[in-house]
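Asker: Sequence:
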Amino acid sequence: MNKPNTQNTNKKNMEAVTPKSEDISRWYTDVVLKARMADYSPVKGCMIIRPYGYALWENIQKILDAEFKRLGHQNAYFPMFIPESFLTKEAEHVEGFAPEVAWVTHGGSEELEERLAIRPTSEAIIGHMYAKWIESYRDLPVLINQWANVVRWEKVTRPFLRTTEFLWQEGHTAHRTHEEACEEVMQMLGVYRKFVEGSLAIPLVTGEKSQKEKFAGALNTYTIEALMPDGQALQSGTSHDLGQNFAKAFDIRFLDSDGERKYAWTTSWGMSTRIIGAAIMVHGDDRGLRLPPKVAPIQAVVIPIVYKDSQDVIIKARELMKRLAACDIRVHLDDREGFKPGWKYSEYEMMGVPLRVEIGQKDLEKNQVCLVRRDTGEKMFVPDAELETTVQRLMEEIQQTLFNQAAEILKNKTVRALTFAEFVAAIKEKQSMADLCWCGSLECEAKFKAEAGATIRCFNDGPVDTACVVCGKPAQKRVFVARAY
RNA sequence: CGGGGCGUAGCGCAGUUGGUAGCGCAUCUGGUUUGGGACCAGAGGGUCGCUGGUUCGAGUCCAGUCGCCCCGACCA
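Here the first sequence stands for residues 1 to 485, where the numbers follow the working numbering.
If you are wondering where the hints come from, they were derived from the structure by calculation, not from laboratory data. Every residue gets a Cβ at the ideal spot worked out from N, C-alpha and C, and that includes glycine. Some clues are possibly wrong.
Taking lysine to any residue and the SDA-like style, the derived pairs with C-alpha atoms no more than 20 Å apart in a straight line are [stated by the list, open to error]: (1) Lys69 <-> Gly190; (2) Lys447 <-> Phe403; (3) Lys62 <-> Arg193; (4) Lys44 <-> Arg152; (5) Lys473 <-> Glu386; (6) Lys344 <-> His332; (7) Lys477 <-> Asp465; (8) Lys316 <-> Phe339; (9) Lys308 <-> Lys340; (10) Lys316 <-> Asp328; (11) Lys212 <-> Tyr485; (12) Lys316 <-> Glu386; (13) Lys34 <-> Glu22; (14) Lys20 <-> His332; (15) Lys340 <-> Lys379.
FRET-style restraints, in silico, Cβ to Cβ [as the list claims (entries may be wrong)]: (16) Lys248 <-> Ser441: 27 to 35 Å; (17) Asp328 <-> Thr18: 30 to 38 Å; (18) Glu365 <-> Ala407: 21 to 29 Å; (19) Pro42 <-> Pro79: 19 to 27 Å.
From just these sequences and the hints, can you work out the full model?
Answerer: The following block contains the structure:
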């Protein structure tokens, strides 16, 4: 083997990830592993969320949890084991989830009388408890959220995007009237939208699911859908109007003020660790992750450029770190010895840290600091005294730039289709999401899948201004259609 | 669950016709270095995924099995 000359390039290739444009699947896997977000586990389809990835999840939790509570919800925790007889009470619900439920059949060496489902979602167990807790209209509404793990036995899994076990929050509410339940459903969809667009900088399309695509057991499902750079949509959060389906199945009834016993109206809504996968896919580039400042575990990293005899640079770096921490920047000082600055640059770029702060002898002399943006790669020198204000401003700018860049992709990859041929071309050739009119029939909906592998992601608020692109009959809905993760 | 690919040191890989396992990175020690992934010298590290078979001898051949990745049918 030829060593000396190729050594450097070989090493570089080894350290780098597969270019995103070349193979987005491999790129995704490379980045997740190399940024130490997650690792594969010995159990098929499961992953370990590593500290850096978990810190991101904690930031997500913090923001969502505060919003849930602000809107009157309380957290609780329900068991992960659900008796089989509970799960089978709501017919559509069982049918929908049966293929992906994991079962516990034994306790120790003894076989259980009734096997227990490991929750794929908690409507059943929570419905059971609500039936017990709710007696009067005065007990309503019930507004509960839980942060939990759930298990769905998926055939194809990928870190964050689809894992056998995943973390999420699931809100479960019960209301006196359908109107009130619908308000809750839309309110929570709005919470998701605001969070994903505002904090994760991921632009969305949102709306109602088709009956075919709705949650098993719901009356209607509303979704937020993000579009990945390969043109595939990712369902990133859902809010369900469960009508009285679960109330009837679990006998959730209350005595109303008119003396009548009535079934409650329930909702549920959830967002999972999948959203981390969305952020990775949408924002990442060939150098690695690009995390939005609002959720980044490390918002700025300080890297001292140290020469052996220059203790003053280290001292200055510590000062910079403290000053940034004092204005609530999540800052990290990397003063490890034995790593060259260039190596550190690459590492924090891989990890998606929004801003790098370099400080060296030259900067000390000029009374300045060097800042490098992760989103644009732009390098700038600012007077020492302007550090705090500049960093704070850059956090805003980087957040906005990431959103704008993603919004541009969403815009370019949302293609209006007036004919079926245009629809197929949008999906297959342009690797985009199609925006089209549809008659509402299951037959035509099936054609999207059959001819392009695409599904209706959600209804679009836009005007229904053409005939159904499939059958040519009068259209009922304007819809977004895309292939999906 | 179908089609394809891959399992060899922590990671990435090589291993010819079957002959007793190697390279780079990483790690450890010492030294010189440090503004875009440093260099020199030395050291440690392996049940070749697993099981069985063929053979004097298997990382290599055969069968089975498990796992992972990619592409399709089902799903947050």
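Asker: Compare the distance between the alpha carbons of Lys62 and Arg193 with 20 Å, and conclude whether the hinted pair is satisfied.
Answerer: holds (16 Å)
Asker: What's the verdict on Lys212 and Tyr485, does the C-alpha distance respect the 20 Å limit or exceed it?
Answerer: Satisfied, since the Cα-Cα distance of roughly 17 Å is no more than 20 Å.
Asker: Is it true that the CA of Lys473 sits at most 20 Å from the CA of Glu386?
Answerer: Given pair Lys473, Glu386 is violated - Cα atoms ~63 Å apart, limit 20 Å.
Asker: Return holds or violated for the Cβ distance of Pro42 and Pro79 against the range 19 to 27 Å.
Answerer: holds (25 Å)
Asker: Take the C-beta atom of Glu365 and the C-beta atom of Ala407, compute their distance, and say whether it sits inside 21 to 29 Å.
Answerer: violated (42 Å)
Asker: Does Lys34 pair with Glu22 here, judged by a C-alpha cut-off of 20 Å?
Answerer: holds (18 Å)
Asker: Holds or violated: Lys316 with Asp328, Cα cutoff 20 Å?
Answerer: Status holds; Cα separation ~19 Å.
Asker: Regarding Lys248 and Ser441, is the given constraint of 27 to 35 Å on their beta-carbon distance met?
Answerer: holds (28 Å)
Asker: Quick one, are Lys316 and Phe339 close enough, alpha carbons at most 20 Å?
Answerer: Given that 20 Å is the threshold and the Cα spacing comes to 19 Å, the pair holds.
Asker: Does the alpha-carbon distance linking Lys316 and Glu386 stay inside the 20 Å limit?
Answerer: At roughly 15 Å apart (the allowed maximum being 20 Å), Glu386 and Lys316 satisfy the hint.
Asker: Within a Cα-Cα threshold of 20 Å, do Lys308 and Lys340 meet the stated pairing?
Answerer: holds (12 Å)
Asker: Within 30 to 38 Å: is that where the Cβ-Cβ distance between Asp328 and Thr18 falls?
Answerer: holds (36 Å)
The structure fails hints 2, 5, 14, 18 (numbered hints given earlier, in ascending order).
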